[in-house]
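Colleague: Residue numbers (our numbering), protein chains in the order written: chain A, 1 to 327; chain B, 328 to 469.
Please keep in mind that the hints were generated in silico from the structure rather than gathered at the bench. Beta carbons are placed, not taken as given, at the ideal position from N, Cα and C, and that holds for glycine. One should not assume that every hint holds.
[Stated by the list, open to error] The calculated lysine-lysine pairs, modelled on DSBU-like cross-linking and capped at a C-alpha distance of 30 Å, are:
#1 B:K336 <-> A:K246
#2 A:K190 <-> B:K368
#3 A:K130 <-> A:K12
[Claimed, not checked] Far from chain A by the CB rule (all over 12 Å, computed), these chain B residues:
#4 A348
#5 G354
#6 P361
#7 T362
#8 R412
#9 Y415
#10 T428
#11 E429
#12 A438
#13 K446
[Claimed, not checked] Quick partial rundown of chain B residues pointing at chain A, CB under 8 Å, derived from the structure:
#14 M370
#15 L378
#16 V422
#17 P460
Here is how the chains run, residue by residue.
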Amino acid sequence: MRDYARETEELKRVCMDILKDVDNIVAWIGDILRPYPSLLSEDNLNEIVWSPFCASSTVTYLKKHKNELLKKNIGIVVKDCDLRALNVMFQENVFDREKIVIIGMRCDGVANHLFFEDVMYVHEIKSDDKFVYVNGKMVEWSELLHTCCNTCTYSYIETKYVIGEYMRKKNNDWMHLSKINDMDYDNRRKYFIKIAERCIRCYACREICPVCTCLECAVDPIERKISPKTTPHQKTSRATWIFREKSASENIFYLLMRAIHMSGRCVRCGCCERVCPMAIPLMDIIDIVNKTVIEKYHYDAGRDPLEKPFLTFYSEKDPEDDMEGCI
Amino acid sequence: MNGMKFEPKIVAFVCNWCSYAAADLAGVSRIQYPTNVVNVKMMCSGRIDPLMVIDAFIRGADGVLVSGCHPGDCHYIHGNYLARRRLYVLKKLLVGIGIETERFRIEWISASESQRYSKVIEDMVKDIKRLGPLELSHGDEK
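Chain B extracted, bound-state conformation (with noise of 0.2 Å):
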């Protein structure tokens, strides 16, 4: 490395109704936040399959976020329901194989908490920082 400091790379996986429109919200209302994140768009967190989170660590990404409505609050009732059982059991296998716990959140932010998602995002990256780089595969990404 020629003296470049260490960025992070984030991918947020966020639910349409809710997590997005607290990005956008923080967009509009000028909050500062660090830009190492790349937001995906889903209609609902019970839309993500745990092969995304997967695939985005494989790709490169040092650190994923997964947010959605807060359970209960769901636009399809069940959604982020069925998507808290599934990434919850995915968090402690990618632990098992050493992705720290920092580096995957499950985050449950509604559309007014714009100040909570740039927070969430200041803190991953500065923990992100600390840990380094998540070489998983020898840096042989496509």
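Extracted from the complex, chain A is given alone in its bound form (with noise of 0.2 Å):
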């Protein structure tokens, strides 16, 4: 059984240790419900949290505000899905290797918070392979995770410091993407265009993204008044592609260029479908992409910080067929 004020308390330790070579750590603070990424230097050491319900990753706190914190060495708490990340940065040159201290947790899935909305005070979180207990209910695995957690198949934390232990077995068939298998292509199109024509374009799913990187967005350009001073990668680089208007036509685009940014670097941590104000199922879309990656190129995103990128280099032996109609 997993315990994870005890886990707590390891990771108040472990912190200790490694504020003797860093300022400042970025870890989960908060409601033990609802943590959220912050910043935790010696004072507010103590209001680290670690429970499974810390979803949103520590990897974008960092990234947002990299350029005061990677002046100085600095030390981040990941879970399995967040060392991906974290990975995908190293691999594109976005961090400095030799400044970030990782510390490890092993991570069995992160649950929503709703299931619990009526405790008051939680004085104990447990699990093991097939529940979550909280105060002493009970909840199955199945039923509260998400299906990024669901469908993981990443459990291998071995960095120098790692805490806890896997209880759930995890695997990963796609299932999830059979309905759109099933579907004809006409089906296929209005299922997409009804998610489309949702779409509010708030952009929320591209800010918590760990990977989402660019300075300037593609539909989202700095710019867009051109002047004889512009220069012509400027010009390139701030192209129009779509108008502001939320039509289903412009955010189809949007939709499909975020499923085709994340070619290889995806590392299916879910947070763009959580954090959905009208509930887009963009993981449907960005899985047929995910399963292309892993499937037919056997490449998948984040597993070793010094590989390349997948889009940076080919083999002559690059599958070149498409079996008809299928995923």
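Relying on the hints, combine the two individually framed chains into one complex.
Modeller: Okay, here's the thing in structure tokens:
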């Protein structure tokens, strides 16, 4: 049985140890059922939280405040998918490997706090391979988890500092994509257009994603005005692909763009689908790309920080067949 | 519609050194092929951004053809290898959201294969006429 109170105490001890080399650590704080990532130092180390509700990625926080935080060494607490996002950042030279001290937390999945909304005060969280127990009230893992956690296969954190143990068996057979495979082309189009019409282009999915790092987003450029002083390079990177209108055609472009920019980089953390205010099943679309990259090209995003990113190298034997109509 | 038959609109992104030369040769040799295609010349197939293909579909194209030098013979050595990776991943994504495989074709046409270029266009027009217009956004194109 995993006891999260005990793991939090162990995490505090490891953090005190690391604070000899670093000034700050990025970790989760706040309410135990709704934690959020923030910066900790020696004075407020007691506020640290670790529970199966730590959903938001700490890598997003680090990426947002990269310029001031990475002047000196910094520590970061990561779950499995966050560690992969960190590896993607190392592969693409966004962060410097020497400056970051990683504390790995072995994760069985992160759950939706709404199941335990009536709980006023949490004094105990435990879990085993089938259930989560909050103050003794138990819920099955498979009911509680998001699709991405239910189909996660990343289970081997081996960093220098690592806490916790895996209890839940994980496997991924892409069954959640079978509903798209079963539809014919007309129905797929209708399903997709119905999703795209709902989107309000709030860009929450883009902001929360741990691997979205472009300084100028393709659909949100800094400046569209062209003057005689605009350089050719600026003109190509500030193209007006879509208008600000929230109609189906522009939203289709935005959703497909998010999916294609994730080829070989998506770590399947599920944050984008969790934060969408219109409940758009974004992982249904992005998983089409993920399944292709993992099964046909045998490439896993972020396994090894020294590997090359997926789209920057090629093989002479890259597959060229496309099984008619199947994804 | 007032009795007019459906004529598909096809956008072809062709690489300058091989496929554009093939299209040019087809023109000079007076090969007859359908006029539904608009060629967009890129210097290399590696320059083709998947967003350009998506843009073509949402602005009203019924079919898109991407063509470059044969793998191994790219004028810039690696361009078409990198494009091949990108474009086949894009193809799976488009199939997943309902754009049929016949609408987005990826071909490797060298500079002397003008007959092949015209045959590819003919086949595409025939297939897309059978499939009908792609109304991806209820016709609210700009």
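Colleague: Does each hint fit the structure? Answer for all of them.
Modeller: A quick look at each hint next to the structure:
| no. | hint | in the structure |
| --- | --- | --- |
| 1 | B:K336 <-> A:K246 | holds (26 Å) |
| 2 | A:K190 <-> B:K368 | violated (33 Å) |
| 3 | A:K130 <-> A:K12 | holds (27 Å) |
| 4 | A348 | holds (23 Å) |
| 5 | G354 | holds (28 Å) |
| 6 | P361 | holds (23 Å) |
| 7 | T362 | holds (26 Å) |
| 8 | R412 | violated (6 Å) |
| 9 | Y415 | violated (7 Å) |
| 10 | T428 | violated (6 Å) |
| 11 | E429 | violated (10 Å) |
| 12 | A438 | holds (21 Å) |
| 13 | K446 | holds (19 Å) |
| 14 | M370 | violated (13 Å) |
| 15 | L378 | holds (6 Å) |
| 16 | V422 | holds (6 Å) |
| 17 | P460 | violated (12 Å) |
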